[in-house]
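Visitor: The lines below spell out each chain.
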Amino acid sequence: MTAQVSETLIYHGKELMMFSNPLDPYLRAAGISFESMNTANWRGYEGTWEIKGSEATGEGLYLVRLEANRSFDEIVGLAEIFPGFPDGVFAHWFSGEIRLPQGDLLEYVHGGYASQYEYDLFLEIKKGLVVSKRAVHNKARS
Amino acid sequence: MNIHWNDWITWLYAYLGIGLITALTFYGFSLKDRPTKFVRDMRSALGFGKTLKDHLQDILVYSIAMVAICVGWPGFLIWAALKKREDRMRELEVEEPDYLCKPEYLIRKVTLIEAEQENRITDPLGLTPNLPFGHLNAAWGKFLAEFGLEAENELWFFEVPKGSSTGEYDMFDGPISGYAKVVNGKVMGEFVIEASE
Numbered sequence: 001m002t003a004q005v006s007e008t009l010i011y012h013g014k015e016l017m018m019f020s021n022p023l024d025p026y027l028r029a030a031g032i033s034f035e036s037m038n039t040a041n042w043r044g045y046e047g048t049w050e051i052k053g054s055e056a057t058g059e060g061l062y063l064v065r066l067e068a069n070r071s072f073d074e075i076v077g078l079a080e081i082f083p084g085f086p087d088g089v090f091a092h093w094f095s096g097e098i099r100l101p102q103g104d105l106l107e108y109v110h111g112g113y114a115s116q117y118e119y120d121l122f123l124e125i126k127k128g129l130v131v132s133k134r135a136v137h138n139k140a141r142s
Numbered sequence: 001m002n003i004h005w006n007d008w009i010t011w012l013y014a015y016l017g018i019g020l021i022t023a024l025t026f027y028g029f030s031l032k033d034r035p036t037k038f039v040r041d042m043r044s045a046l047g048f049g050k051t052l053k054d055h056l057q058d059i060l061v062y063s064i065a066m067v068a069i070c071v072g073w074p075g076f077l078i079w080a081a082l083k084k085r086e087d088r089m090r091e092l093e094v095e096e097p098d099y100l101c102k103p104e105y106l107i108r109k110v111t112l113i114e115a116e117q118e119n120r121i122t123d124p125l126g127l128t129p130n131l132p133f134g135h136l137n138a139a140w141g142k143f144l145a146e147f148g149l150e151a152e153n154e155l156w157f158f159e160v161p162k163g164s165s166t167g168e169y170d171m172f173d174g175p176i177s178g179y180a181k182v183v184n185g186k187v188m189g190e191f192v193i194e195a196s197e
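Listed in order, the protein sequences are those of chains A and B.
Counted from 1, the first sequence has number 25 at position 25 by the working numbering; the numbering is strictly sequential.
Counted from 1, the second sequence has number 142 at position 142 by the working numbering; the numbering is strictly sequential.
Next comes chain B alone, as it looks inside the complex (with noise of 0.2 Å):
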C-alpha cells in the first residue's frame, strides 16, 4: 500500500492515528487509579455499587474524552504536561518543611569558625560546657553534619524580630536567632540558638 504524504486526508489519519494513541495511553494510566476489585466488592456489599446508569454514564463520559483527546490531543499533552508539573511543585511544597528563617531575616554571612567564636556562653555561675554553643553543641554538630561540603552552601546568621509571624510561630514573644544554610539564595536549614516557646 502506497501512503501519499501529499495528501492531506493522509495527514488528516495520522493525526487522528496520534491522537488515538495519546488517548489510549491515558484511558491506560486513568485505569491504574481504578479502585481495586476488593474495594469494588465492598462498596457493592455496602450498596455503594455501581449501578446501570453509573456504568452507562462512564460509558459516556470516556467516548468524549477520547474523542475529545483524538481530535484536541496537542492541546490536551500540554495541559497534562501542566498539570504534571503543577503536581509535582505542589508536592515539593508540601515535602519542604517550613523554616521559621525567611530569607529576609538573613542578616550576615559567617564563616563556621566565626558562628563557634561568637557562641560562648556567657553562664553567672559557669556550669555550662566550654563549648561552642554550649548545651546545643550536639545539635550543632549535626547540622554541621547535615551542612555538607558544596562550595556554594553559605551560613548565615538569621535573627526574627520579637512580634514576626513564622513557621509555627505566630506572634512570639521574644527574638529568635540562629543559623542558617543558604544556597543560591535559598534557606535549607536552620540552628535555631535563641527562642522563646
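So that you can see chain A by itself, here it is in the shape it has in the complex (with noise of 0.2 Å):
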C-alpha cells in the first residue's frame, strides 16, 4: 500500500499533519463514499480540521474544509455533505486517538500513514472533544 497524503489540523494557528481520519466512522454510518483518484489517497477526500473552542467551553475537533471526490469527475465540500454547516462540523462521531507528526522525517515508509518523524503529538479525542494530550519523542530505528 502506498503512503497515504495526510489530512490537515490546524492547532493554535499552525497547520499540521493528521495521520488520522476522523471522518471515516461518519461517513461509514451515513453510508457515504468517495471515489479514490489515486493510489495515495484511497479514502477519496482530504479534510482540514481545527481545534476550536476553550478552557471554559472545552475544546473541540471540526471539520472546516473538505475536498472530496463523489466521482471521477465531480469534486465536492462542506456545503455538499454538511449543507448549513460553512463555519465547521463538530466531529462528535469521533472517539479515539489522533497523530500529528511533527519535526524531521526519520523514516519514510511506503505505506499508509506508518512514516516516522521526530515528535508524534497525540490527542486523546471523545466524542469529539478533546480530552488528553501526549508528546512522543521518536528514535531513528536502526
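Hints in this document: simulated from the structure, not taken from any laboratory.
Fair warning: there could be bad hints in the mix.
What the hints assert, rightly or not - Calculated pairs, DSSO-like style, for lysine-lysine (alpha carbon to alpha carbon, straight line, at most 27 Å):
#1 B:K162 to A:K126
#2 B:K142 to B:K102
#3 B:K37 to B:K50
#4 A:K52 to A:K14
#5 B:K53 to B:K32
#6 B:K83 to B:K186
#7 B:K186 to B:K84
#8 B:K186 to B:K109
#9 B:K162 to A:K133
#10 A:K126 to B:K142
#11 B:K83 to A:K126
#12 B:K102 to A:K126
#13 A:K126 to A:K14
#14 A:K52 to A:K126
#15 A:K52 to B:K162
#16 B:K32 to B:K50
#17 B:K109 to B:K162
Values in this document were obtained by computation on a predicted structure and should not be read as measured data.
Make one complex out of these two single chains by using the hints.
Guide: This is the structure in C-alpha cells:
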C-alpha cells in the first residue's frame, strides 16, 4: 500500500499533518463513500480540521474544509456533505487518538501512515472533545 | 398382473425402483450444472475439449454412481438433504452482515425515547444541530425506518471496548458504541454513534 496523503489539522494557528481519519466513522454511518483518484489517497477525500473552543467551553475537533471526489469528475466540499455548516462541523462521532507527526522525517515507510517523524503529538478525543494530550519523541530505528 | 406384496422379491424391485427414480432425478440435476454448448465449444477450440478417455471415464463414474444410488438411496437422500442444509447455512453466513456489535457487547436495553434523550450533543461552539445524534440524525432516522415495529424487536445500547477486534476493525484505538437492533438475542442491525477510524 502506498503512503497516504495526510489530513490537515489547524492547532493553535499552525497547520499540522494529521495521520488519522476522523471523518471515516461518519461516512460509514451515513453510508457515504468517495472515489479514490490515486493510490496515495484511497479514502478519496482530504479534510482540514481545527481544534476550536477554549478551556472554559472545552476544546473540540471540527472539520472546516473538505475536498472529496464523489465521482471521477465531481468534487464536493463541506457545503455538499454538511449543508448549512460553513463554519465547521463538530466531530461528535469520533472517539480515539489522533496523531500529529512533527519535526524531521526519520523514516519513510511506503504504506499508510506508517512513516516516522521526530515527534508525535497525540490528542485523545472523546465524542469530538479533546480530553488529553501526550507527546512522544521518536528515535530512528536502527 | 398380480403383485405379490408378501413376496420379498416384489419389495426388492420396489426398493430398487425407487432407487432408480432417485438416481435418474439426480442425474437430471447434474445435467443442469453441465457447461453450456458455447462453453464446451470454446474449450474444444482452446484445446481443452474432452477426449475419448474423458468420456469413458465419465460413463464409468456415472454408472457406478447410479448403481450406488439405486442400492443405497435412503443413505444418499439423507446425505443430499444434509449437504443442502449445510450449503444454505454457508450462504446465509456469507449474506449476513458482519456487525461490529456482538452479543457480548450489549450493555442495556433502552427505549427509542431514552436513546434520543441521552444523545444530545455537547458542542463547545454550539454549531451542531440541536437534534438527537446531531449530524447523525438523518442516519438515525434511516436506522429507525429499518428497525420495524415487531414486538420482539429490541433496542440495546452497546459498547465495544478499545483494543477489541471486531468486524472490519482490528485492534482499533478507540471505543465503539452505538445502538443495536436485537431480535431473540441476535444482533440484526446497528447504528454506530462513536468510533475511531
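Visitor: All the hints need checking, so say for each whether the structure fits it.
Guide: Against the structure, the hints:
For the proposed pair K162 (chain B) and K126 (chain A), the alpha carbon gap of about 12 Å is at most 27 Å, so the pair holds. Our distance criterion of 27 Å between C-alpha atoms is met by K142 (chain B) and K102 (chain B), whose separation comes to about 21 Å. For the hint pairing K37 (chain B) with K50 (chain B), the CA-to-CA distance comes to about 13 Å; that is within 27 Å, so the pair holds. Proximity of K52 (chain A) to K14 (chain A) is assessed by CA-CA distance (about 13 Å); at most 27 Å being required, the pair is judged to hold.
Taking the CA atoms of K53 (chain B) and K32 (chain B), the gap is about 23 Å. The hint holds against a cut of 27 Å. About 25 Å separates the Cα atoms of K83 (chain B) and K186 (chain B), which keeps this hinted pair within 27 Å; it holds. At most 27 Å may separate the alpha-carbon atoms for a hinted pair to count; K186 (chain B) and K84 (chain B) meet this at roughly 24 Å. For a cut-off of 27 Å, the pair hint linking K186 (chain B) to K109 (chain B) stands: about 13 Å separates their Cα positions.
For the given pair, K162 (chain B) sits about 18 Å from K133 (chain A) by alpha-carbon distance, which is consistent with the 27 Å threshold. A threshold of 27 Å between alpha carbons decides the hint, and for K126 (chain A) with K142 (chain B) the separation of about 25 Å falls inside it, so the pair holds. Annotation: proposed proximity of K83 (chain B) to K126 (chain A) is violated, straight-line Cα distance about 49 Å (limit 27 Å). Note on K102 (chain B) and K126 (chain A): the hinted pairing holds, with a Cα-Cα distance of about 22 Å set against a maximum of 27 Å.
Between K126 (chain A) and K14 (chain A), the direct Cα distance comes to roughly 22 Å. Compliance with the 27 Å bound is thereby established for this hinted pair. With a C-alpha separation of about 15 Å, the suggested pair K52 (chain A) and K126 (chain A) falls inside the 27 Å cut-off, and the hint holds. Between K52 (chain A) and K162 (chain B) the CA atoms are separated by roughly 26 Å; this keeps the pair inside 27 Å, and the hint holds. A hinted pair counts as satisfied when its Cα atoms are at most 27 Å apart, and K32 (chain B) with K50 (chain B) qualifies at roughly 18 Å.
Proximity of K109 (chain B) to K162 (chain B) is assessed by CA-CA distance (about 21 Å); at most 27 Å being required, the pair is judged to hold.
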